[in-house]
Structure formats: C-alpha cells, structure tokens
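Peer 1: This is what each chain is made of:
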Amino acid sequence: MATSAFAPNARGYYGQFGGAFIPEMLYPNVEELRTQYLDILADPSFQQEYQQLLRDYVGRPTPLFEAKRLSAKYNTRIYLKREDLCHTGAHKVNNTVGQILLAQRLGKKRIIAETGAGQHGVATATVCALMGLECIVYMGEIDMERQKPNVYRMRLLGAEVRPATSGSKTLKDATNEAIRDWISNPVDTHYIIGSVVGPHPYPDLVARLQAVISEEMRKQLLEKTDSELPTHVVACVGGGSNAAGAFYHFLDEPTVQLVAVEAAGHGVHSGHSAATSVLGKPGIIHGSRTLLMQDEDGQITEPYSLSAGLDYPGIGPLHAYLGDSGRARFIAITDDDALRAVAELSRLEGIIPALETAHALAALDQLGAGPDDVVVINLSGRGDKDLETYLKYAEKLTTSK
Amino acid sequence: MKDRIKSTFEQKKKNLLNIYFTAGYPTLDSTVPLIEAVTQAGADLVEIGMPFSDPLADGPVIQHSGTVALQNGMNMRVLFRQLQGVRQRVPDAPILLMGYLNPVMQFGVENFCREAAEAGVDGVILPDLPLDDYVEEYQETFRRYNLRPVFLITPQTAPERIHRIDELTDSFLYLVSGPGTTGSQTGQDANAQEAYFQRIEGMNLRNPRLIGFGIGDKQSFDRACQHAEGAIIGSALIKAMDGAEDAPAAARQFVQSVLN
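Just so you know, the protein sequences line up as chains A and B, in that order. Reminder that position 347 of the first sequence reads as 347 in the UniProt record's numbering, one-by-one numbering, no gaps. Reminder that position 234 of the second sequence reads as 234 in the UniProt record's numbering, one-by-one numbering, no gaps.
Bear in mind the hints are in silico, worked out from the structure with no lab data behind them. This one's a predicted model, so the numbers in the text were calculated from it and none came from an experiment. The beta carbon of each residue, even a glycine, is placed where N, CA and C say it ideally should be. Every clue listed holds true.
A few chain B residues facing chain A, derived, Cβ under 10 angstroms:
| hint | residue |
| --- | --- |
| 1 | 70 |
| 2 | 129 |
| 3 | 161 |
| 4 | 176 |
| 5 | 179 |
Using the sequences and the hints given, assemble the complete structure.
Peer 2: Shown next, in the form of structure tokens:
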C-alpha cells in the first residue's frame, strides 16, 4: 500500500481528511502508537502470532459463498464474504486480535474500548479474556438497551461495561467516554478503537488489520470466478471498518466499483438519519478531520439509525476521501429497507444478518449490476444480537417491496 | 497594542488566579456579569469557555455547563456580541477564550481571530489544535490579531516537546496537574505531582506557568501556587453557582474564598 493513492501521508491525512486532533493529554499515547505500529505490524513474530490466531481462534479464512437464490432474484452474481462466521459473530475480531498483540508489545496492562452494536465490545472482551487483560467497554445507555445480548456476553467474558449517559447516549458518547478514560489513564492503558476513526494512526491501523478480508476475497474470487477482481464490493459504513477491510486490496483497482452503504434511518432528510456522506461537512470528531454531521455552529448533531452500529455522526477519514474523490459510491438505506433485507436474506439463503449488514444487502437493487457482474457483499456480522429488535418489528420483516 | 497578559504577569508575580466559566451558563446573558464579578473579586485572568457538544478534555461539570449553555442559545456570534464593550467594564484583566477546534473552524479561523481581537480578547486555548497545524496554518493569523495561543503540558509531555511549546508561546504555559479531565481528582499521587512540578520549574522556561485541572479551593490553589505563578479554577466555580439565585454573587463569593 506504500504506493497507493489511498494511503495516508506521514501525518495521517487522506487528502484533506485525517490527522490527529487530540488534547495534549493523549499526545504521548498516540505518538507512541504512531511511531511503533508499522514496525510492530511488520515484525515476523507479530505476524506469526497474528496469523495463527486468525486461523485457529477467529476461524479464518472465512468462506466466500455464492448466494444463488439471491443472485437469481437480482439477476446478477452475488457472493457473500462470511465475516459473520468469525468467532464472536462479526468482522470486529480481526482488529481486536491484532490490537491486543500490539498492546502487549507496547507493555499495556489495561484495555478500554467503545462499542455501538456491541460487536466490537464483545470482540475486545474476548481477546482480553484470551490474554488475561483487564477490559472496560464504554457503551451508550440506549445501545445497552437495544443490544442486551451483547452486554451480557461482554460481562460473561469478564469485561466491565460502563454506560455512557451524555448526549445521545449512543456510539458517539461511548467514544467520548473512552477517550476521557484514556486521558485519565495515560500510561498503562491501550484504547482499542473499533473502527477506522480516531486520530492517526488508528484509521490506518484498523484498516490494515481488517485488510485480511479483501486479501482473502481476491484469492477466493480467483478460485470461484475467472478473475480475482469483482465488479462491485458492497459494505455498510458506520465508522467504516468492515468497508475499509473489504475495499482495501481493491482501492487501486479502478475497474472495481466500491459501494459504501450508510444508514438513512427514517429517510436521509427526515431529521432522523446517520447518512454522513450526504448530511456531513468537513469537521473534527474524535481526533480526526472528516465528514461530520453538525449544525452551522460546529456542534455535532445527534445521528439516528435503528442499527446501533451505524448510529454515528461521522465516517472514517479514508471513507470521506473515497467519497470526496469519487472513488467510492455512497448509498443510503432506511431502517425499513434494512429490515426487509434481513427477511430476504434469511428466507432466500438461510442466513440471518446483523442489522448493520442488512443495510449493505438492501442496496442490491440500486447497484445497476447485470448478469455478467460479480458483486461481493461483505456480510459483516450475524443477526443473533438483533433478534429482540427483529421481534419488535416483525410486521416489517417482510420481503414484499 | 497593550499586552494585557504580559503586564498582568509582570505586575503580580505570584498567586495569580485564572477563573474559567462557560459562556452562556447559567443563563445566556451571564457571561459579562460573571467576568465583572470574578475580576472585581480578585481573579487576575478570565478564561471563557466556548461551549461544545463533545468536549473531550472536560469532565462532567464543564460538559454539563456547556450543554446548558447551548440550550440557552449560546454560540460564537452571540458570545462576540456579548463581549463588545466588555473592555469598558473590565479594562485590564486578560480575557482568554477556551474551546474546541471544530466550532472555530466552522466560524472561520480568520473571522474568529478578528472578532476576538475586536472584542478585546487576549489569548486562545484550543486543546485539540495540534502544534504542527498551528504553526503551519494558524500562527500567522493569530499573530496578525495579537491573539496569544496557550498550550497544555502534562506529566507525560516529553522535555523536548515542552521546550518547543515554550518557544511557540508568548503568554503562559498551562500545566495540567495530572492525568484526568477537568474537575476530576487526578489519580496522580502527591509525590509524583511534586516531582513533575519541580521538573518543569527546573527547565528554565521563558514563559510563566499556571497549573490547572483538579484545583478547586484555597488549599489546592495555595499548593499549586508554590510551584507556579498561579493556578486555574473552573469546575469548582461552576459548581459553586449551582442553584444560586444570583450567579455573579455566588462567583464573587467563591473567588474570595479561594483568595482570602
């Protein structure tokens, strides 16, 4: 990626987006990470341990499944990258396995994390249990309510879940609380950020750790089709970590259309939406300059999505740059359409997707893909955690459209 | 152009008190009455918080005051309008604005500096403004309007970085007393804190120092003043105004309780 037009520069900028806008209290921590992460990631002993854990613990490579009934419905060739089959049920663990090894090499004893849907929290609690490290996960009070199974999972794994009670009580506020914890514990604590957001080097670090998704996709496509390049790669974007991983090894392949799917909530312009690429302006959130939903005074506005994992007022700086430069296409999907996509995949392929992932699936009819196209959808997570939500909206879980 | 920060530190070399409060809290129009009240009661500098929805370096007390201030209708335009004429009432005490970069960026850095200078503001504290970005993008504009930036130093800030911050500063250094957000009792033990303050004292820095975070009463103020020219108090003042019918009177009383 050193020669990629989509790699960040030395100060962590993707075009005008990125950087490290942090209070001095965090500077030494972030600087320590910035100066060491590339060397640690490149260290053969790190790679050996990381690859072994990905294989034997996470369950990689995840399958690339040809969804034939879904393909017939949309008259194109659809492959699902089964990140839902990773240990803990989502792609998030790729990153936490890598970062826990990094934290060990930095000599950190205590791990903190933020979580929206709970998938990153569970993935962090899991690797902390594996390595015997103290784990504290910040989660918005509202998200704790709507993703109860994951709260219980984290506690069972030995993590302490602390509610974020300020602001919208969702992912943004959980991230604020995690950052405050890090400010208060600057020496022994590593903050495992779960998405491609935050100050440099986090967006690049998390993208590199999730890049295993597209690395495998290329190999698997070559085995199953006549090319390692698909025509479309589709992924949902809250902060954007599963999309960054799915796009990573296709960024410099201009024939591959990259499609990022955001949550439109009740509708992009309804006032209840998280479609940052449409509603956002350049601004600073959680340490980086990116597209950000905000009012004219620069106050961060509260996003809305039924899906806790996409309920975030920003996107990662790489995604802001991909959108700005035209490299990626952004599509916004409403709560209702995502719920319909849940039922559709469940009934057509026997796979119940996470509500976040359902947004990517719901974009299928907007791609303009034909019979000769090869569409890969990153199936970022499984829907077990969302069953309570699905029950509540049972009447909307219909394939009729 | 009078350098109010410099003359303040020249006239009074010890025990300077810098009082922080949030613009628009407890009421939209309390900003200027509070500036008058705290300076009349003996505060040497005033730091006015520009409320932000997501103040990362602040604890719950200041965050709450910011939330209320935003609900009261405070924003940058209102604040600058309130500050017009403040120099007739408070001619000498340095006034600093403290806040986060995003609202300043959306207002426009040049607009911000011009309005601040016209209102008689002397310095600006933006904790999430990176040093490199300041030097490359903002320093010239700040200088043109005689606005002095104040940067934070923490126990973890490396010596070479402290020297760089000192070089870039022409006002005072903001020494964060220990790990933690504003208003928190820092987790650092007294010996470590003592060692940190002494280390900074021994560095022969050009700028005077004010110690902030976790300073909340006469005792902690006096202790901080043993290691620096003075200290900064914010959360404790805001708490002192909680539920008070007359916020400026409560602020005046609080400042007196710290100084006397």
